[in-house]
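With the sequences and hints as input, model every part of the structure.
Listed in order, the protein sequences are those of chains F, V, G, P and U. No gaps in the numbering here: position 44 of the first sequence is 175 in the working numbering, and each next residue is one more. No gaps in the numbering here: position 345 of the second sequence is 476 in the working numbering, and each next residue is one more. No gaps in the numbering here: position 88 of the third sequence is 219 in the working numbering, and each next residue is one more. No gaps in the numbering here: position 121 of the fourth sequence is 252 in the working numbering, and each next residue is one more. No gaps in the numbering here: position 32 of the fifth sequence is 163 in the working numbering, and each next residue is one more.
Simulated from the structure, these hints should not be mistaken for laboratory data. Heads up, some of the hints might be wrong.
No copy labels: a pair is met if it fits in one copy or bridges any two.
Said to hold, decoys possible - Calculated cross-link-like contacts (lysine-lysine; reagent style DSSO-like; alpha-carbon spacing at most 30 Å):
no., residue 1, residue 2
1, LYS486, LYS296
2, LYS460, LYS484
3, LYS195, LYS485
4, LYS384, LYS178
5, LYS486, LYS195
6, LYS484, LYS289
7, LYS280, LYS178
8, LYS487, LYS209
9, LYS486, LYS353
10, LYS487, LYS361
11, LYS195, LYS209
12, LYS209, LYS289
13, LYS353, LYS462
14, LYS485, LYS460
15, LYS486, LYS462
16, LYS485, LYS289
17, LYS209, LYS485
18, LYS289, LYS178
19, LYS209, LYS296
20, LYS384, LYS209
21, LYS353, LYS487
22, LYS460, LYS195
Here's the letter readout for the chains.
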Amino acid sequence: MKEIATEPLTSSSEKAGLPPGTLVHVGKALETETRISVIEYDGLNYKEYIVQSIDKLLLHNKNKTTVWINIEGLTDTKTIESIGQNFGIHPLVLEDILNTNQRPRFEDYGNYLFIVLKALLLDKVGFSVNYEQTSIIVMENIVITFKEKQDNLFEPIKHRLSTSKGRIRVSGADYLAYAILDIVVDQYMIIGDSLVDVIEGIESELLANPSRRTLASIQSVKREAIFIRKTVSPVRELLVGIQHNESTLIQEKSLIYFRDVYDHSIRVIESMDSYRELVSGLLDIYLSSVSNKMNETMKVLTIFASIFIPLTFISGIYGMNFEYMPELKWKWSYPLIWIVFIIITVALLIFFKKKKWF
Amino acid sequence: MKEIATEPLTSSSEKAGLPPGTLVHVGKALETETRISVIEYDGLNYKEYIVQSIDKLLLHNKNKTTVWINIEGLTDTKTIESIGQNFGIHPLVLEDILNTNQRPRFEDYGNYLFIVLKALLLDKVGFSVNYEQTSIIVMENIVITFKEKQDNLFEPIKHRLSTSKGRIRVSGADYLAYAILDIVVDQYMIIGDSLVDVIEGIESELLANPSRRTLASIQSVKREAIFIRKTVSPVRELLVGIQHNESTLIQEKSLIYFRDVYDHSIRVIESMDSYRELVSGLLDIYLSSVSNKMNETMKVLTIFASIFIPLTFISGIYGMNFEYMPELKWKWSYPLIWIVFIIITVALLIFFKKKKWF
Amino acid sequence: MKEIATEPLTSSSEKAGLPPGTLVHVGKALETETRISVIEYDGLNYKEYIVQSIDKLLLHNKNKTTVWINIEGLTDTKTIESIGQNFGIHPLVLEDILNTNQRPRFEDYGNYLFIVLKALLLDKVGFSVNYEQTSIIVMENIVITFKEKQDNLFEPIKHRLSTSKGRIRVSGADYLAYAILDIVVDQYMIIGDSLVDVIEGIESELLANPSRRTLASIQSVKREAIFIRKTVSPVRELLVGIQHNESTLIQEKSLIYFRDVYDHSIRVIESMDSYRELVSGLLDIYLSSVSNKMNETMKVLTIFASIFIPLTFISGIYGMNFEYMPELKWKWSYPLIWIVFIIITVALLIFFKKKKWF
Amino acid sequence: MKEIATEPLTSSSEKAGLPPGTLVHVGKALETETRISVIEYDGLNYKEYIVQSIDKLLLHNKNKTTVWINIEGLTDTKTIESIGQNFGIHPLVLEDILNTNQRPRFEDYGNYLFIVLKALLLDKVGFSVNYEQTSIIVMENIVITFKEKQDNLFEPIKHRLSTSKGRIRVSGADYLAYAILDIVVDQYMIIGDSLVDVIEGIESELLANPSRRTLASIQSVKREAIFIRKTVSPVRELLVGIQHNESTLIQEKSLIYFRDVYDHSIRVIESMDSYRELVSGLLDIYLSSVSNKMNETMKVLTIFASIFIPLTFISGIYGMNFEYMPELKWKWSYPLIWIVFIIITVALLIFFKKKKWF
Amino acid sequence: MKEIATEPLTSSSEKAGLPPGTLVHVGKALETETRISVIEYDGLNYKEYIVQSIDKLLLHNKNKTTVWINIEGLTDTKTIESIGQNFGIHPLVLEDILNTNQRPRFEDYGNYLFIVLKALLLDKVGFSVNYEQTSIIVMENIVITFKEKQDNLFEPIKHRLSTSKGRIRVSGADYLAYAILDIVVDQYMIIGDSLVDVIEGIESELLANPSRRTLASIQSVKREAIFIRKTVSPVRELLVGIQHNESTLIQEKSLIYFRDVYDHSIRVIESMDSYRELVSGLLDIYLSSVSNKMNETMKVLTIFASIFIPLTFISGIYGMNFEYMPELKWKWSYPLIWIVFIIITVALLIFFKKKKWF
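Here it is, written out as structure tokens:
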């Protein structure tokens, strides 16, 4: 929980002042190398290979297979620019792909669809969420995806493509786009689940032994929850856009699948709201728990002080050096005063017991 | 109040990465066995029996009676798949029935309606809510319900079917669907009522003697309230959907009944909002109550310390061993100092009385 | 403020599981007897009488007068059922009249209008709000009202009917319905006003001397405010419904009056929101006020302890029994030490004065 | 800040139970006398005079000048009734003018427009807001305004009318109505500005020296902010109503001016929301500030007690009267014990210094 | 963080009571001089010069170049009035340009568009935001901008105009307007980013060592966040207005750019909401952190007092002067009592250790 998701916060203004349409990679450079992997498939065949340059890529795109071009790493702007030119993508879209501070959204450019959203990936160690902007271009038989770095986010899809001969192999580019969105939204759920685990952990710690460290954890998880929600929330709108769009690039029969992702996304957002509500209550519990502990401390102090201060006073009386103090001469004074000590102590203990202080 | 409803939270991501349409039961396996019970009825006849396999089931469906097939336990995916194939249910719907993390919703598939929502059942011991996903398929003369486990949720409906010859026996499949929804929403009200009891219990405890245990109770009831609300809230939308749908499967004359459940659901949701508001105030009362107690503790300490510390000082003065202390020789010093002690004590008591400290 | 409005909370689930249309009185039985009073009037005549059975009632309804039948007490379901049958009221409506947990709403049944809402009546002693469900059936020349018990809620209307010969006597059933709604909404305002008085009372108590009793009052008024709002809030919707309905039972010229009640209801709801905001701030003031008092207590303790503990230490020094303590022999030691005592005390008092502790 | 705006709260229910249309002045009687002043003007002429009775008023209304009749003081219901009859104003409108608890709104009655809203006037002394209901009747060439009391709210308009020969003199009744609304909304801004001053004052006080008086101020300003907002908020709706209305009484070319007031009103409401947010944070700062001070107090106590209590104990040891205590006989005991005292004190001071307690 | 953005708060009511259309500069006079700079450009040429009076300005506007007139400093109302008259701008628009308390908005006046919004500029020192009202008049080939003072807000645009021959040089007045809006919205992002830095700084301070200074910082950043949001929020609406307007002054092909700024503005507003949520949590952390520290203080006090007060009592016992106290004569009394002292101390330390107090 130490690393806080400051990335989507701090780098948004880097490009301020540059003319629109300038292709500059804005965002932390997560990957130095740009890797282009291509998957070509239809019901019968499946090919997967890495290409070095965009020229080689173009040689392949002849037969009626579905082609998925996956670009990982956005720092090599030239390669990306040449891809854009080859496939006729608008400069502003390319600019948005490279600027990794986009708000998730869907846009229909006629001969292609542009989807941009954030993939959330959980670090295995601690609770640290990585934000990776994922852009999807959907064309007739081609899907192009742009990711910030090489990771195994798309692994399950590739696995299904390479092994099964089911729906995904015969359903074309729109279904592939759906599968990609589905995997991203599924990751949101995983993040949500582990967020709950973290919240539960903090809660137990809070009730048991709240410390300054707990306070820092609460604040960090609160932040994380705020930013996850901010990232996830516009995806709903994005999916509404896809469902209501009238492009022929998404077939009628695929719409039911997009509706399914849409349902998932609503559920994720609703869950996020619940978690946020839980998180926002944590500080109150902290405060309550600390107050409770303080009260306990105070009771200990009060019991000790209230019993021994009067006794000390009494012993102080007979420590005075007045010449005429008759009690000092009495034979039973000393045992008697012990009895007085014991009576006072017992009386006060009963008093505090009645107050239910222990 | 110990068992917290973490189930709808933690298992949602289990299926992440699997291809859509794969029939896997997602969720805690609440029941190992899958039981299929069938109720056949019309105005005159009523039959109820258990079938082992789906083939036997199909033999019966000849006459114009209403048939209610109730499947309890979702782990036996094969049986459920064969039911789906026999009745022509879309694989995605079957998948949603088996995945017990669905968001409540209504969908019109032309020749059948699909309703999925959560039944909330209260455990008799403590305040623990069980979530059970309930899916309803409404066809021409057939209602199929899928539940996660065997319980007596539908008992009142069965009872009414078997005993009365009233409206329910002559009103067909849509009325039966209404009766099922009605019973589920009625359970929400019962949950709401017992939630109020729990809140009231905590409130009294809070005002009387807030402890760390109370703090844990508050947090747990808060959670419960958040998740109940999250579960109940989309039911409103579901019922709007049913009322506005144009399927012939729901007769004109039945709509008034669905409007009735709709009214109930609004009332339940409004109540839930009120309860949530009450719950959200509990932590504030806790804090106020603890602060109040701390103040009381502090007053006790201050009264004791403020009275006896000055007296001890005075006795300390005459415990000093200076050779030239004229008072030590005086005859009336000792009684006089007692008078001083008493005056100081009384003065301070009056001072604290004036401050209304006791 | 002791009696808390738990009634609308706890009894809502009593009827769960019963078939719809079963006429059972749901709710606390506020009245054992069912009293039917009839008022017949037109511009010229005014008659008021009590009838025992519904048969006698029917004899009267011949001439073109407006008839107002007021039923008080809902436990005698038979009488109410027979009224329903005589006037052709739908069983579901009768059921809603008897179930006193209805959400306020308006429904147009063609030949009659059904309005159900809650009358709020203030107990003269303390701040305790009584909820009474009031159902209104508006027909051509007849208004039937169903109340849970006998009280003087409708007294002002009866008085105006019997004394004045103004608008109310010549304006028919729809105007009477308006007058009834108006009186109910006016009661909301009275409740609101006394809620403000209660809040102001608690506020003064809070700033003067917050105690545990105040805390209980705050929580109870908060609850009350939440439930009043929940009750009043749907009345707005109800009145929108009346204004937008197209029934011929409400004359064009009466609509302006209903708009007037509508304006009142908005004002009441807006006031309720303001009060709720005030109430929700009370706990914060409580906490602040207690903290403030605790700080005062702490200051008293600190001043006493900080002055006398050092002095006691000094006197303790010269109470030691070392053989070689030169000061003990000095002649001016004792007066000198008194000067030291006084200097220390004055210095500390100045220190605390500077810190503005008193 | 002492006088709290309780007026709009307490008197709303006075008229409850009275028949609608009864002309009774509801609200605090702010003025005993009812003064009718008339201003008649066109591009060339300007006349201003006081009339005693309505009959005299009617004599003037012949030429094509714009006439502004301003009635101040609402207790003389007869005069107001006769004005109503002379100008053909609906009894319900007159009733609303007299009942000073109206919700701000706009209504089109065909041959006249009715606008009612609250003017907020700041008392010069302290922060006390006076609420004055202002009703405006706009006719062909006549504007009638009803105010609760005589004040200088309309002074600037009168001044502009009497001195300039600009737009206001030639633009007719609708422009005059705009000018009146503009002056009322401008007052809201002034109130808002002085609210900010008050908030800033409290804030400084809070950070410097929070006391019980500050707590009372916060609560009073909070109240004031809630009620100002409640009063100002419906004005937006009112102005939307005016802009969208299709009456010929408002000329096309005047609409741009009403849109201007509308823009102002939105800005006022948005500012009020900001202020409310600021105010609602004040209590939290109070609490934080008091907690902070309490911590300071506690540190003082702890430092004093922790240093002197151990020292007192040590001096107590050598005050014991055991016969066999070798140290008592040693020659260097006394200076040595002083060294011990100093070492302990310094050590503890370093300890507290390290904890950054001072 | 010392200078708080009170400017947009306090001066809004200055003009209250003045007739509309009076040209008075309302707002802090940020600049005494009014500077008029003109940039004339097309694809080929670029000219930039300062003009003294408006007459000279008019001489230039002949050829088909795009002309950008930038007026900095609003105090010289005469110059601005003459500009208004020369370009046929409505007096109310001129008035709004001069009154620097406008709500951001867009208005279509047929032959010109009027855009007014606030530019936010960050002071290099501390976190102090300067608000500068920026008005834009878009005509056929002319863009007129009005700014409150001379600063380098538009520097990047001028730079692009003078150096590049790209899109901005050939795209006309509407594209220039877009570029100006873009630069203003980009500044919002920069403000947002530095707001995050400030929040993070306060957070660390809070967790480490919360002081009264931190409290003041929190309040000041809260204020700032509230006012920034209030300023930024209406810009979204403004941009929706531009996109939906049907003026021919904005070309079809430019709309995509305005949509781009719109997307940015949404992202800024969403970020602002997140920041506000973070800020609003700061006070809670402060309170929690102070409570935590107080508990620590209390523990120190309690440990010291609870150990030494009983010991002092014991030493007090043997400081009593009773004649018959057998222990005083025993030989091993003194070492024994030391053992007792040590046992008590160790026992209490173990007790506190078990309570996890240190």
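Tested hints:
1. Taking CA atoms no more than 30 Å apart as the test, LYS486 paired with LYS296 passes in neither setting, with 74 Å inside one copy and 63 Å between copies.
2. In the homo-oligomer, the alpha carbons of LYS460 and LYS484 never lie at most 30 Å apart, since the shortest distance is 37 Å inside one protomer and 38 Å across protomers.
3. For the homomeric pair LYS195 and LYS485, neither the shortest alpha-carbon distance inside one copy (87 Å) nor that between copies (74 Å) is at most 30 Å.
4. For the homomeric pair LYS384 and LYS178, the shortest alpha-carbon distance inside one copy (26 Å) is at most 30 Å, but the shortest distance between copies (41 Å) is not.
5. Taking the shortest Cα distances, LYS486 and LYS195 never come within 30 Å of each other, neither inside one copy (84 Å) nor across copies (73 Å).
6. In the homo-oligomer, the alpha carbons of LYS484 and LYS289 never lie at most 30 Å apart, since the shortest distance is 69 Å inside one protomer and 57 Å across protomers.
7. In this homomeric assembly, LYS280 and LYS178 come within 30 Å of each other (Cα to Cα) only inside a single copy, at 22 Å, whereas the closest approach across copies is 46 Å.
8. In the homo-oligomer, the alpha carbons of LYS487 and LYS209 never lie at most 30 Å apart, since the shortest distance is 75 Å inside one protomer and 56 Å across protomers.
9. Within a single copy, LYS486 and LYS353 get their C-alpha atoms only as close as 38 Å, which misses the 30 Å cut-off; across copies the closest is 29 Å, which meets it.
10. Within a single copy, LYS487 and LYS361 get their C-alpha atoms no closer than 48 Å, and across copies no closer than 39 Å, so neither meets the 30 Å cut-off.
11. Only within a single protomer do LYS195 and LYS209 lie at most 30 Å apart by alpha-carbon distance; the minimum there is 28 Å, versus 37 Å between protomers.
12. Taking identical chains as interchangeable, the C-alpha atoms of LYS209 and LYS289 lie at most 30 Å apart whether they share a chain (27 Å) or sit on different chains (28 Å).
13. When the C-alpha separation of LYS353 and LYS462 is checked against a cutoff of 30 Å, the pair qualifies neither within a copy, at 71 Å, nor between copies, at 66 Å.
14. Within a single copy, LYS485 and LYS460 get their C-alpha atoms no closer than 38 Å, and across copies no closer than 41 Å, so neither meets the 30 Å cut-off.
15. Within a single copy, LYS486 and LYS462 get their C-alpha atoms no closer than 38 Å, and across copies no closer than 44 Å, so neither meets the 30 Å cut-off.
16. For a Cα distance limit of 30 Å, the shortest separation of LYS485 from LYS289 qualifies neither inside one copy, at 70 Å, nor across copies, at 56 Å.
17. Taking the shortest alpha-carbon separations for LYS209 and LYS485, neither the intra-copy value of 80 Å nor the inter-copy value of 57 Å comes in at or below 30 Å.
18. Within a single copy, LYS289 and LYS178 get their C-alpha atoms as close as 11 Å, which meets the 30 Å cut-off; across copies the closest is 52 Å, which misses it.
19. Taking the shortest alpha-carbon separations for LYS209 and LYS296, only the inter-copy value of 21 Å comes in at or below 30 Å, while the best intra-copy value is 36 Å.
20. In this homomeric assembly, LYS384 and LYS209 come within 30 Å of each other (Cα to Cα) only across copies, at 26 Å, whereas the closest approach inside a single copy is 38 Å.
21. In the homo-oligomer, the alpha carbons of LYS353 and LYS487 lie at most 30 Å apart only across protomers (27 Å), although the nearest pairing inside one protomer, at 37 Å, exceeds that limit.
22. Taking the closest pair of Cα atoms, LYS460 and LYS195 never come within 30 Å of each other, the shortest separation being 118 Å inside a single copy and 110 Å across copies.
Checked against the numbered hints given earlier, this structure breaks hints 1, 2, 3, 5, 6, 8, 10, 13, 14, 15, 16, 17, 22; the rest are met.
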